Amino acid sequence: MSSGHDTIDIQSHIKVYMTVFAALAVLTVVTVAASYLDISTGEAILLALTIASIKGSLVAGYFMHLISEKALITWILMLTAGFFFVLMFIPMASFIDQAQLG
Amino acid sequence: MEIPYTVEERPDTGLYNAKLGIWLFLASEVMLFGGLFSAYIFLRFGAPVGAFHEWGLELNIPLATFNTLILITSSVTMVMSWASLKLNEFKKYKLYMGLTLLCALGFLIIKYIEYTAKFDHHIYPSTNTFYAIYFTLTGLHGLHIIGGMIVLYYFWMPGSKMWNSKPEQFTNRIEIAGLYWHFVDLVWIFLFPILYLL
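The listed protein sequences derive, respectively, from chains U and W. Take 1 as the starting number for the first sequence in this note's numbering and just add one per residue. Take 1 as the starting number for the second sequence in this note's numbering and just add one per residue.
This is chain W alone, in the form it adopts within the complex (with noise of 0.2 Å):
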């Protein structure tokens, strides 16, 4: 049996189905990361006065401004992967979702060396609550982070295939994959400046 409305719009939603569930799930993720952002809030109030900010001075701002700028820049190749299905464009979509996987790629490396710095320095979790929520927040979004490598990564090379058979399906899981990774993206935008600047 076919699985309804790949393509086509539902009736009485007005979208397909797939578009219509990612938007769902990233609702949720909203929550998810808002309960975070929460305890953030209260963490910080719960410290003494100017601590948070203090605390958060062992990071590295160029770095962090560096992986935001890579961050957006997949955003950017992600929209343009999609576009150039939209072009009927396939060697373009192969070449913008590789960079996309470069980008994403460079941003776990930075993070990397981000928190091998932290951890030489003997930084933990556990040595204050706001590298307690650091460490949750910025793990939580790395997870995310790779979770999206992986999809991406099955649409570049084995899901591709696709592209033969079904363009049109595969032009709109494209555009799902896309919605999730500009989340991402968009969620860094907002731990940045909470984590590294304020």
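In isolation and in its complexed conformation, chain U is listed as follows (with noise of 0.2 Å):
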């Protein structure tokens, strides 16, 4: 059960929960903004993934709790990120080759 200075602990917990709760409602509409702005396909693919990046940080960061979390998780979430990134390069990658194939 939870002593005195867990609660304390949990207590400046929620506040940063509620902190991140609005950052991540703020990012929301500044996405939907961003998206309206007259800029190229390549430049809103990166400003919106960017965008995506910080509030799915800060979801992972804070409310699954990967800031504190022992090196094991993180090193399973490396490995897995790895993996992603791989998933992500080949259709790319197929491209490239078919460009320069012509």
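Calculated directly from the structure, the hints in this document are not laboratory data. Among the clues, some could well be false.
Stated by the list, open to error - Straight-line alpha carbon distances no greater than 20 Å define the calculated SDA-like cross-link-like pairs of lysine to any residue that follow:
| id | chain 1 | residue 1 | chain 2 | residue 2 |
| --- | --- | --- | --- | --- |
| 1 | W | Lys92 | W | Tyr16 |
| 2 | W | Lys111 | W | Tyr154 |
| 3 | U | Lys70 | W | Glu8 |
| 4 | W | Lys94 | U | Ile14 |
| 5 | W | Lys91 | U | Asp6 |
| 6 | W | Lys91 | U | Ile14 |
| 7 | W | Lys92 | U | His13 |
| 8 | U | Lys70 | W | Tyr180 |
| 9 | U | Lys70 | W | Leu143 |
| 10 | U | Lys70 | W | Ala27 |
| 11 | W | Lys92 | U | Ser12 |
| 12 | U | Lys15 | W | Lys111 |
| 13 | W | Lys111 | W | Leu143 |
| 14 | W | Lys91 | U | Thr7 |
| 15 | U | Lys70 | W | Gly21 |
| 16 | W | Lys91 | U | Ile10 |
| 17 | W | Lys94 | U | Tyr17 |
| 18 | U | Lys70 | W | Tyr16 |
| 19 | W | Lys118 | W | Gly106 |
| 20 | W | Lys94 | U | Ile10 |
| 21 | U | Lys70 | W | Leu15 |
| 22 | W | Lys92 | U | Tyr17 |
| 23 | W | Lys92 | U | Gln11 |
| 24 | W | Lys111 | U | His13 |
| 25 | U | Lys70 | W | Lys118 |
| 26 | U | Lys70 | W | Gly106 |
| 27 | U | Lys70 | W | Thr13 |
| 28 | W | Lys91 | W | Glu168 |
| 29 | W | Lys92 | U | Thr7 |
| 30 | U | Lys70 | W | Pro48 |
| 31 | W | Lys94 | W | Tyr154 |
| 32 | U | Lys70 | W | Arg10 |
| 33 | W | Lys92 | U | Val32 |
Note that the coordinates shown come from a computational prediction; the quantities given were computed from them, not determined experimentally.
Hints given; two lone chains; assemble the complex.
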């Protein structure tokens, strides 16, 4: 059960959760607003994915407590991220290859 | 026989077993959605220039934005339900878990409205490659929401009896369910811009 020290700790966490919630809500509105900017498709994709990555990091870092999680979980996720980027690179590589073949 | 390491940490991993288990499961989920994100890139590059954006103009951005806000809210209420248990406030836990389920239901209702609007306009997965991947990605995500709701409902109602006998183990169960729920939110954070805005 929670001790007095734990209670203070959790209450400070709750303040952080509320701040993250506000940041996520604002960033959602920013994402939509940014989609109406008069920029190229490449720039729009980069901007939208950057904002989504910030939002994702906030969820993973604070709601999922990754910021203070054990090293083993960090290693598992780094390995997963490596495979994920390989998966993303495969279709791009095939199109680069096709472009080179003309 | 008692299940080992449900509360105390295993000396070699530094984690209770369920936490390691859920993170390994989530890693496999990253690869599941990763495969479909990869398919999205493949189909987008394969479509005529600008076609994906044009096909996506039929989607309802205000409704999807509202749904994004609902899912973010559900993530906060989920983490608050866990924090309430940590503070020994069971009634608050019940309230926040109930709100999480309500948000999840709201999300599904809006998704239903979106889907039926598409079908009314004769837009199906077979319409073009954009809608093929749109229905696949949002459908799979929706199934994750439904699966999560079943688990959360169990912990909200019948499963919550465990709080009286094993409060620490119950709190850990809610943390594990929360990790899954936040992951589902995280996937939507990326689905929203790539499907609706780009």
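Going down the list of hints, with the structure as the test:
1. W:Lys92 / W:Tyr16: violated (25 Å)
2. W:Lys111 / W:Tyr154: violated (23 Å)
3. U:Lys70 / W:Glu8: holds (14 Å)
4. W:Lys94 / U:Ile14: holds (17 Å)
5. W:Lys91 / U:Asp6: Holds, at roughly 19 Å.
6. W:Lys91 / U:Ile14: The given pair, whose Cα atoms are some 17 Å apart, holds under the 20 Å limit.
7. W:Lys92 / U:His13: holds (16 Å)
8. U:Lys70 / W:Tyr180: Holds, at roughly 18 Å.
9. U:Lys70 / W:Leu143: With a Cα-Cα distance of about 30 Å, the restraint between Lys70 (chain U) and Leu143 (chain W) is violated, given a limit of 20 Å.
10. U:Lys70 / W:Ala27: Holds. Lys70 (chain U) to Ala27 (chain W) sits at ~16 Å (cutoff 20 Å).
11. W:Lys92 / U:Ser12: holds (17 Å)
12. U:Lys15 / W:Lys111: Roughly 31 Å between the alpha carbons, so the hint for Lys15 (chain U) and Lys111 (chain W) is violated.
13. W:Lys111 / W:Leu143: holds (12 Å)
14. W:Lys91 / U:Thr7: holds (17 Å)
15. U:Lys70 / W:Gly21: Between Lys70 (chain U) and Gly21 (chain W) the Cα gap is close to 14 Å, so the pair holds against 20 Å.
16. W:Lys91 / U:Ile10: At roughly 17 Å apart (the allowed maximum being 20 Å), Ile10 (chain U) and Lys91 (chain W) satisfy the hint.
17. W:Lys94 / U:Tyr17: holds (18 Å)
18. U:Lys70 / W:Tyr16: Holds. Lys70 (chain U) to Tyr16 (chain W) sits at ~11 Å (cutoff 20 Å).
19. W:Lys118 / W:Gly106: holds (19 Å)
20. W:Lys94 / U:Ile10: holds (18 Å)
21. U:Lys70 / W:Leu15: holds (8 Å)
22. W:Lys92 / U:Tyr17: holds (16 Å)
23. W:Lys92 / U:Gln11: With a Cα-Cα distance of about 14 Å, the restraint between Lys92 (chain W) and Gln11 (chain U) holds, given a limit of 20 Å.
24. W:Lys111 / U:His13: violated (32 Å)
25. U:Lys70 / W:Lys118: The given pair, whose Cα atoms are some 45 Å apart, is violated under the 20 Å limit.
26. U:Lys70 / W:Gly106: Outside the cut-off at roughly 35 Å; violated.
27. U:Lys70 / W:Thr13: Since the Cα atoms of Lys70 (chain U) and Thr13 (chain W) sit roughly 8 Å apart, the hinted pair holds (cutoff 20 Å).
28. W:Lys91 / W:Glu168: holds (16 Å)
29. W:Lys92 / U:Thr7: Holds: Lys92 (chain W) and Thr7 (chain U) sit about 15 Å apart, inside 20 Å.
30. U:Lys70 / W:Pro48: violated (46 Å)
31. W:Lys94 / W:Tyr154: Within the cut-off at roughly 12 Å; holds.
32. U:Lys70 / W:Arg10: At roughly 12 Å apart (the allowed maximum being 20 Å), Arg10 (chain W) and Lys70 (chain U) satisfy the hint.
33. W:Lys92 / U:Val32: Outside the cut-off at roughly 34 Å; violated.
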